[in-house]
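*Asks:* Here are the chains, one letter per residue:
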Amino acid sequence: MVIQPSNPLTQIVGDIGSGCRRLAFHFVSPARQVAWLTPQWDLYAPTLWKLASEYHIQELIGLECTDRKQWRNLFCNLIQSQALDAVVIDRFGLRSAEGFFLQKICRASKTKVLIIDAHPHSFCSKRLHLSLSHQSFRFFWSKGGSPTPRHLPFTFFQDIDRLYMHLGGRPCTL
Amino acid sequence: MYVVSRHLSPLSPHIMKFENLWIYDLRPFHDFWKKTVLEKNISESHAAMVWDESAWGALLKIYGIHTFAPTKTLEVFAQDYHQHFNTKISQHAQKKFFDVMRRLGLNRIGHLQRLSFVEIGKRFGKAWADFMKGVFEPQKTPWPWEKFRIRDPLRWSENLDEPSASSEFILDRFMCGIQSLAQEKHCLIQKIEFSLIFGERENVELQFSHAISLSKECGWIRRLLQERLFSLQLHSSVSRLEICASPAEPALLKQLSLFDSQAPQIALESLCKKLENQGFQVFKPSPSPSYIPEHSWFRVSPLSTRSPAEISRAQLRPLIQFPPRTIEPPTGMLKKTEQIEWCDLKGQLRSRTYYMTRRSRYWAWVFQTNDGRWFEQGVVE
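Just so you know, the protein sequences line up as chains A and B, in that order.
To convert, count from 1 in the first sequence and add 17; that's our numbering.
To convert, count from 1 in the second sequence and add 103; that's our numbering.
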């Protein structure tokens, strides 16, 4: 018998530009109320909120917290409030102690926690590796899921071309 | 500007109740209206009103706290502050704090400035450091604002077809009124005022130390009212009955426990408010009238009424963006995404043409300005 934790932490492993952020909502779906946490906000918020609306997320709140000492307090407030369906913890570079603390407070909560980091963490029960090629996102689970690589279409370029065609112009390549 | 008064007045819709004081936020109003409204209210109500540029400053004035005041003056304010914000500092700990100060020979409030906030924080805790920061730097320290919402009272009235002086009949009619109010709205009640009108008005007021439910506590209300009504001596028949029930203030949020198995669920709005009060930056984007990516949006509080309206070019732009940094002209294929043009403050025409280009591990978002320089501004995700 395998004892599964009641609320496993999920991690997406991928560098900057690998598509972790674009696909994050895919892995928290069908959440309705989501918080996006990052120690330094370098995301283009209008695009992020647009992506959220495409995944039918009703409320998305952004949170920036640079002070490492405040992180535990922040996680505690967010997860124990039970007001959110999912929390995305983006590039926090969590230490093991912080991860196990997170695991402990998540145990009795229904809030789904998704951690995005460049390096794999041992405290996550599910781990997904993601990379982006020209046409698609390639992902496989190294923990808690199928190790067979799967693909999801990357439609950003097609969207731009389609938008230009719609506006009467034509896509331009140098 | 903030005004502090001991009585509730219609000065501003932004009100906070702090123990037995009322704090009004008058910052949104023009100076002319501030002056007019204050003069009018002071002359009409003859109430003591104190104002200052900050809420801390106004409170310090009403408590009579200044540099040369004895530390005992501060004790009262500290007690109210810790009790109101539930900082978990017991009365014993408060007394100990001031005893220590007196033992150190710091008998005047001004003397306390010799201790730094860091020292106070280390010795007595963050709550004391925050409090002392507010006392000594009232302009710089934000006051933890908790908006007070005035709730409309529930009302019921009935004109009696046949005026009556019978207490039992009046009691029955009042209880019918209570039941109809309970069916109309389910909320907790703090105070009920029963009025008997027979040419002149006779009021019976029932005030409760705790919030009660009209539907559940019906029998108890009946007994209390019966006792009051039977002691009344009515000189003439009552022609009209009125009930005015004041709803109780909503209960404060419970403190979230770290290892509780069943933490209470709170609304998203309350969570945002709580996080803002704790100093976290909670936001959602709001569009600004600029096409330049770094200036096209700004942060607003999720509690604000502004909806996160869509920015039309959000689809064209990558998810990760940073301030533009100079790069060498890119080699390899470039894919154009958009072109923007605008006039700068000097009236010169500026333009940026954005492209995507493949780097070793990611797609970079670069742009060329009208003077031919290249910059990198984002990563496609």
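Simulated from the structure, these hints should not be mistaken for laboratory data.
Among these hints, one or two may not hold up.
[Claimed, not checked] Straight-line Cα separation of at most 16 Å, EDC-like style, residue types lysine to aspartate or glutamate; simulated pairs:
1) B:Lys438 with A:Glu76
2) B:Lys376 with B:Glu249
3) B:Lys138 with B:Glu122
4) B:Lys438 with A:Asp176
5) B:Lys439 with A:Asp178
6) B:Lys294 with B:Glu345
7) B:Lys250 with B:Glu372
8) B:Lys164 with B:Glu240
9) B:Lys439 with A:Asp176
10) B:Lys377 with A:Asp178
11) B:Lys319 with B:Glu287
12) B:Lys376 with A:Glu76
*Asks:* Flag every earlier hint the structure violates by its number, smallest first.
*Replies:* Violated hints: 1, 3, 10; rest satisfied.
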